Structures are given as C-alpha cells and as structure tokens.
Amino acid sequence: MTSSVDTARSAGATPPAARPGARRRARRPLSETAVPYLMLLPGVVIMLGLLAWPAVQVLFISFRKLDLGELVRGKVTWVGFDNYTKILSDPEFWEITLRTVVFTATVVAATLLLGLGIAVLMRHLSGWVRIVLQLCLVLAWGTPIIAATTVFQWMFDQEYGILNKTLVLLGFDSFKGHSWFASGASTLAVIGLLVVWQAVPFIAFTLYAGLISTPRDLYEAAAIDGASGWQAFRAVSWPSVRPMLALVTFLSVLWDFRVFTQVWAIRQGGPDGGSTTLPVLGYLRGIAGSHFGSGAAVAVLMLIVLVAVTWRYMRLLIRSPETEL
Amino acid sequence: MLFKSPAQRVGLTVFGLLVAGFFLFPVYWMFTTSLKTPAQVLSPAYDLIPLSATLKNFSNAISIPNFTTFLTNSLIVTLGAVAFTLAAGLLAAVPLARMRFRGRKGFLLLVLVAQLAPAEALFIPLYLIMRDADLLNSLLGLGLIYVAFTLPFTAWTLRGFVKGIPIDLEEAAMVDGCGRWGVFRRVTLPLLGPGLVATSVFSFITAWNEFLYALVFLREKDKQTLPVWLSSFRTAFGTDWGATMAASMIYAVPALIFFLLVQRKLVAGTTAGAVKG
Amino acid sequence: MVGGVAIALAVSGCAGSGGDAGTNTTSAAPPAGPRTLTVWLMNGSAPKTLVEALHKEFQDSHKDVTVKFEEQQWNGIQDKLTTALSGNDAPDIIEVGNTQAPKFASEDVLEDLTASVNDFNGANWLTSLKDSGNWDGKQYGIPFYAANREVLYRKDMFEAAGITTPPTSRAEWLEAITKLKAKYGSDPDFQPLYLPGQNWYALLSFIYDEGGDIAKKDGTKFTATLDSPEAKAGIEFYKQLLEASGTKAPKDADEQTPEQAGIYGGGKVAMMIGLPWEVATAAKSDPTIKDKTSGFPIPSKTAGQTAPVFQGGSNLAIPAKAKNKDLAKDYLKLITSDKYQADFAKAGMIPGTSKDVSALQSDPVNAAMAKASTNGKAVPATPGWATIEAGQNPLKDMLTAYLTGAKTLDAATADANKALNTAFSG
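Protein chains in written order, with our numbering: chain A, 1 to 325; chain B, 1 to 277; chain C, 1 to 426.
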C-alpha cells in the first residue's frame, strides 16, 4: 500500500523544472541556481518586511515606556524590563494565562474533531448535500464578527433568547431566566462555541482539500482488499490528511490563543474579569490604557507562551521526512 | 459514494443536513433579525419562524452614502490580495517542495515562524512602516498587509499540495511533449485545485472581513472598505442592529459567490486525482 | 537596527511641529495660498444642518480655506485617534468623548487652549464638560455637547394606573411602581420599570443624590470613595428600586445588552432610565409610542428636587501637531457661538457652550433632560478612566455581585474601590 505522499517522497529527488539530463549532482548554470531564490523572492520580501521587521519592533517597544505622549512627540524612553516586571508581578497574570491556555486547548480540540469529522463526512456525501453543507459552512465562516457576536448574545439572552425559550418549551423549566453569562466559565463556554462555530469551516475545508487530493483508486484498492471503513481511513486517508492536520492544529493553537474580538464583544472579559484572556489583558494595557510598551510586553509574553507550546511541533515539522526532498 | 446501501445513504444525507443546520442556524437568526423591528429582536413571543417581516432594515443599510464606493474598494483590495497571495504563495511553494538549494530549510522555517506573527500587536509598527513608505490611504498598502497575513499559510499549504503530486505524472507529461509551462498548466495546476480553493477562500475571507487596519490605514472616506460601512450603523445614539444585520447579510453574499465560483475547482481536483492518480 | 520605531518616531517628531515648537505656528503669520482645515467629528454627533451651515459660513469668511469634514466611526476610534495624533497629517479639530478626554489632555498631545477660553463662549460652559477637558489647571478640551439620563415613561399607562403627576421624589417613584403593578400585574410580560443590574449611570445619580461620589479629587490625583456611607446608601437604593421594579432585565448586563429601547418598544414596559433619543429607537417598532411617552428627571430623595446626573458628551480639541491652529481656533469660535449651539438644543442635546436650552422645552422628554442638566456631573477626570470606559468597569461588577448576593455590600464596595484605585494609578 502506497500513498501519494510516499510516491512523492521517493520520486521527489528530481526537480520537475529540471530538463531531462540535468540530474541533481550535475553542475547547473548560475541562472538555474538562481531560479528557486527568484521564485521565493516576493514572498520572502513580504514576510520579512511586513511581519518579521514589525515583530522585531514590537520587541523593542516592549522595553520602552511608550504612552500616547511619547508616541506623538517621538520621544524614546527605555525602561528595561519594567513593563515585564509590572505584568509578571501581578498575580492575576498567571490566572489569566492558565485560563487562556485551558480555553485554547478546549477550543482547538473541539474545532479539530468537528472539522475532521465534517471533512470526512463531506467526502462521503452525495453531490447536492455536500454543496448545501459547504455553503452553510462558508456562510458561517464569512459572517462578519460584529454580526456573529451580536447574534450569539441574542440567542443566549436570558429572558428573550431563542435558546432559553426553546428549552422552556421543551420542558426544561429551570432555563427560564437562566443567565449564560453569570460566571466566567459559562461565558467562556458561549464564547468558545462561537469561536468553534466560526473556525470549523476553515479546518473542514482545508482537511477536505487534503482528503480529496488522495487518488480515489487507493480507496477502491483498499475496499477490494476488504478493508473496513475505519481501516481504509487509517491506511489511505490518514497519511494524506496528517500533514494538513498538523498544520491546522498549529494554526488553530495560534489563532484561538489570540482570539480577541469575540471574547471582548461578548462580555468585555467579564463578569468580574472571569472571561479575561491574555489578548484582552493586552488590549486593556495597550490600546485602552494607551500604554503601548506594556501592551507590546503582553504580546511578547504571549509569543513566548505560544513558542513554548508549539516548540516541539515546529521542530518536528522542520525535521520530519515531510520536509525532506 | 463507494459501496453504500440506500439506508446508509439516507442516513448520511440526514446527518449531513443536520450538521449543515447547526452551522446555518446563527446565520438564519441573523437573517430573521434583519427582517425585524427593534422590539421584535428580543420579545417574549416564540419566534423561531418570523411572525412578520419588514424590508426597512435592508433599505436603511443600502442607503448609506458611498455604499458602491465601499463595495468597489473592498472588491479591489480583496481580489487583489487573493491574486497576489496565490501567485507569491505558489511561487514559493514549488521550490520549497521540489527544488534542492542552499538555505531551503531556513526558508521553510521562515514560512513556519511567520505564522506566529501577532497581527493585532503589529498595528503600530505597521502603521509607521506604511507611513514612511507613503502607502497610507492607499488600497495597495492595505492589500499588501492582507497578503502578509495570509501568505505564510498559503505558501505552506500549497507546498504540501505540490509535494503530494506524484512526480511521474509530470515526467510522463514531459515525455509526451508538454513544455515546462504546459506541464504546469495541464497537470500540476489542476491537481492543486483543492489547495488553491482552500487557500483562496481563506485569503478572501480574511481580507474581506478585516476591520481595524482598513479603518485606520485608509483615512479618507472614498478609500474605505465594506467593514467600515458595516460598523457605521453605530452612532452616538446607539446602534441600529436591524440595519447591521441586514448589512451583514448583504456583506456575506460576495464571499458566497466567490466560493461558488471557485468550488468547481474542488471537484476538478477530485476528478483529476481519480483519473491520473 | 535598534529601535526602528524609535528612529521613525524621532524623525516624525522633527518633521512635524510637535512638542513645544507647535506653539510657534499660531503666532507666526498664516501662510498664504489655499489651505485645508481638517475636521473630525463623530458619526451622528453634530446635526447635518449644523455642519453644513457652519462650514458654509466658515468658508465664506475664510477665503482660500476649504473645510475637509471627515466623519469618524465609533468602532476603533481609539486606534485611529492614536495614530492620527502622532502622524504628520494630524487633523486640525477632533472630537473626543468626555470620559476619554483626560487621557489625551494629561499626555500633552493637545493644544493648550486656556488663553482662548473667553473666545469660545467660556462664561456659558457646561461644568461637567469643562472639568473633563481640564488637566492640571489647563484647558485642553472645550465643551461640545452633552446629554443626561432621565426616566422615560408611558403617559397612557400612568394615567390608567391613576398616577396623575410624574413622581418628584424617590418615595413617589416607588409608589408609582406599586400602582402600575396593581393595574397591569396580571400580565406576566409586564415590567413597571425596566432596570438591568448594571445601569451604572443610574447608580451615579443615586450616589450623587446621597452626597457621595465615585472619587475624591486632589490636584490631578483621584482616590476612590465607593466605600463611603453616601455611596453605599446610593447602592442600597439601587437594590431597593430594582427589587421593587418588577424588571425581568438581566442582573449581569447593562442597558445595552439587550438594548433596552427595543424592549420598551415592545409595549410591555412602563418606565426605563435612558436618554431622550432612545424614544426614537423604541418608536421604530411602534410609531405610536412616541406620543405616549414623556419623561421626568430622576427623582431625588428630597421631595421636589431632581437628583444630580452623570453627563455624557464630547469635547472638542486641537491636536498639538495640527498644522492650522489659527484656523482651528476660528472654527472653534464659530461652533461655540450661541447661534450654532442652538442647533444642538434643537436636535435634542444639551449645548456645551450655551446656557440657552429653550429649544429643548417644546418636547416634554427633552425638557425633562434639560431640567436635570443644571445639576450635571462627570466621572473623575483622570486618564485611568479610559481603561474603565473601555469595558471593564468595577462599578458594573460591584452592582452585579451585590444584587445577585455573591458579595455583601461592604465586600462589593471594597473590591470596586480597590479596582478603581488601581485603574486611577494607571
């Protein structure tokens, strides 16, 4: 049993662009050597100029006192680690970090399970049902956040929300006047549902794209070999979806850890700070309070947490045979 | 699809529709709200199916001056960003997947690490960069930022897809007398279909929905994009939620159209895979 | 490579007329040739008729000057102002919410207008807005317009319940609720007074009425005083009122979640504490509600008086980096004149630099606001308030904790006091 990935790996030694005869150990003319660099140029320029360079600046800002006054007057005041010590000495910071990590882990797990399930489901659905499902997913994905957060608040409204009204109608009288936003955990659960709802479509589409690029005859071969659905999935789908799954896990961790708009719009981190996550903290310190140095420090600390969490994964990605030619 | 009994097929269809319903419901709720008056938005009545409808919210939403300007700007900046991202992403994906050159691992690492960049925190540095490059108040500058935000994912994903194409296919086509470009167009590109759809929908929605950079970097009204229009229903006197929901409905239409246009490629990719895989 | 931002900013600091250099611009002779005055006002703040007439008059009296009017969105305005104030193309006039104004004033990024106060109708300024634009004795922001809350009520329901005159004391207010309950109580959806747990604007009125305040001012320093007996008495009245009110509103949300005007528009609510224009929102659902609605000032515990009110509104300011400060001052002179301020009153708002509120008298809802407006107050004029205003407001958490019984009054006020002091210290 071979998968397309294996095929590619064994045959990948030959660059497709190379002319017949121009084997890999043969000396290539300079123009040929330059080809990959030229192809990478536009992307690399953009990434270095508009992501890496500003990120380095954020790092520098985190060591400065940069309030509105300093920003407007262009005054540079270095304060060393002051911003960091101020944040780290706040006992709330650790509580918020823990909450953010737990929230992220839960949301990522839910998103991936649902996304993978739906990707597989799409593969098995007949034409029109699949299109209907895909359209619904695109609608959820494309709903502007300002509308999505408001609609969720309405659906979960304690007195007039459609959810409580429906639950009462179904006989669950205890939900009459039930507040979904009374505690931090409950509020975060609603926010989590909102985030999952909007994040699943992306995951499902990406994984589905990975699934359908598996040549179909491999499935047929597996079926002929008498493989059950689960075995076929493990043997055929899994290898082709795995690198994609690894990527979307990585991305989901990054995005869900940084979710701000939804958390903020639902209850501004309340009640009583109970749904405050690190991005909310960064916003309060940075933009709301106009202490941009402090806000940058929160951003850097978040990055450190993220790198710590994804470090193993990144090493794996870079070292794995996946990245070899 | 393959080897399924009719009962299984019906079961799958029902299940698929249920899942679709789950994702549709909040959108449905947004739609029914856009047909409501403020008092009906939250009322004691059980209104799973709207009890009455008004189109006033839609007319309010569209009658905002400059609507067509916003729409045009949004389309320009979004489609431009999508095209640029796909082109640059694909250009980067091919050598990263198929070519052997010094520093390849380094470039891979860059693409990976670039995804760690915190978009919201880059706000002030990016503003200064754009200001110094004289790209504030220009759709080009905003488009470049969207490219930066979506490119790492696009490049990495497309690299995976390029790697997934069996190389013998391309070689066979070479032997058949296709040129380099011919191979790319007839073999590689169709097989990349699903990947291109996934990444382009991603770029489209990211750029289409982005608000903060659009608001701050495009200062003048005739340069602004639809997300700014979407939040214009909030005034000192409160927010017109009915109009906001109506606007959101209108707003989602181009994303849907874009998806319908590109989704045929999803199928094309499958077919190509089935025939040639 | 070190500090790219630093370098960029330093350059901008020289290129612009930032800092002290800025003051020279005003004394220098105005440059010849066509000029553009950039004005940023908020979406919906100044009535369209006012803006059009004002700009026409300004351009007629200033040949070669074009007024570039850029209406600003509320969403993201913080970010936009921040970047705009630091750029080389800063607007010449900006509007700043009065609770945000101290943040800008204290950072010295606005032009000091202390010397020009009298040019801007200074004798007639609204105290609350004057305070919010003032930092350390200098006037950076000048009053624009304001509004304050009142009790909006259904005349028809009051009449049917046998309430002949609107309440003028807390006791009468509670009595009115009892009468409304007696009349309409059989309807399970009816609410005599819609009052969510976090309407902190209403709470401020009750605290002011008891003689208390949120904080005590000492120079530019503020110390929270929520643990004072007066503040506690105000909070206790809030609880008493909420329990009597028969409201179904959530205890853990404010008057915007859900939007109270929409609920009032449903026709099952007899009173709400809100702003005059919320009637218009309610009327979108039921146009007849406008004629059935009137208003009375929030009653005081002292019969016959009105309770002091929190005034929300805006200040106008000239950014320190503005290029046309001379023109901007002329513009401010015009907009603060009685002639244009009257337009605010006509549009149902309290003018910031005029004592003439006669235009508000024709409408009973506006008249009730105007009556209470003479006793208006602002939140502490400290930059720390911007963070509170942004969303995490200790007063709201305090109310919810006390009303739901999660904390005792002493514990709730002590916690809120601590949180406020932390915010004030920046």
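Don't read these hints as lab results, they were simulated from the structure. A quick note: this is a predicted structure, and the numbers were derived from the prediction, not measured. Careful, some of the hints might be misleading.
In silico BS3-like cross-links for lysine-lysine, where the CA-CA straight-line distance does not exceed 30 Å [as the list claims (entries may be wrong)]: (1) C:Lys239 / C:Lys68; (2) C:Lys407 / A:Lys176; (3) A:Lys176 / C:Lys239; (4) B:Lys56 / C:Lys290; (5) C:Lys346 / C:Lys333; (6) C:Lys248 / A:Lys75.
Footprint (simulated), chain C over chain A, 3 or more residues, beta carbon under 8 Å [claimed, not checked]: (7) 158 to 168; (8) 172 to 181; (9) 224 to 236; (10) 249 to 263; (11) 283 to 295.
Where a beta carbon is used, it is the ideal one built from N, C-alpha and C, also for glycine.
Hint-by-hint comparison with the structure:
no.: 1; hint: C:Lys239 / C:Lys68; in the structure: violated, 49 Å
no.: 2; hint: C:Lys407 / A:Lys176; in the structure: holds, 24 Å
no.: 3; hint: A:Lys176 / C:Lys239; in the structure: holds, 22 Å
no.: 4; hint: B:Lys56 / C:Lys290; in the structure: holds, 19 Å
no.: 5; hint: C:Lys346 / C:Lys333; in the structure: holds, 20 Å
no.: 6; hint: C:Lys248 / A:Lys75; in the structure: violated, 52 Å
no.: 7; hint: 158 to 168; in the structure: holds (count 3)
no.: 8; hint: 172 to 181; in the structure: holds (count 3)
no.: 9; hint: 224 to 236; in the structure: violated (count 0)
no.: 10; hint: 249 to 263; in the structure: violated (count 0)
no.: 11; hint: 283 to 295; in the structure: holds (count 7)
Checked against the numbered hints listed earlier, the structure breaks hints 1, 6, 9 and 10; every other hint is satisfied.
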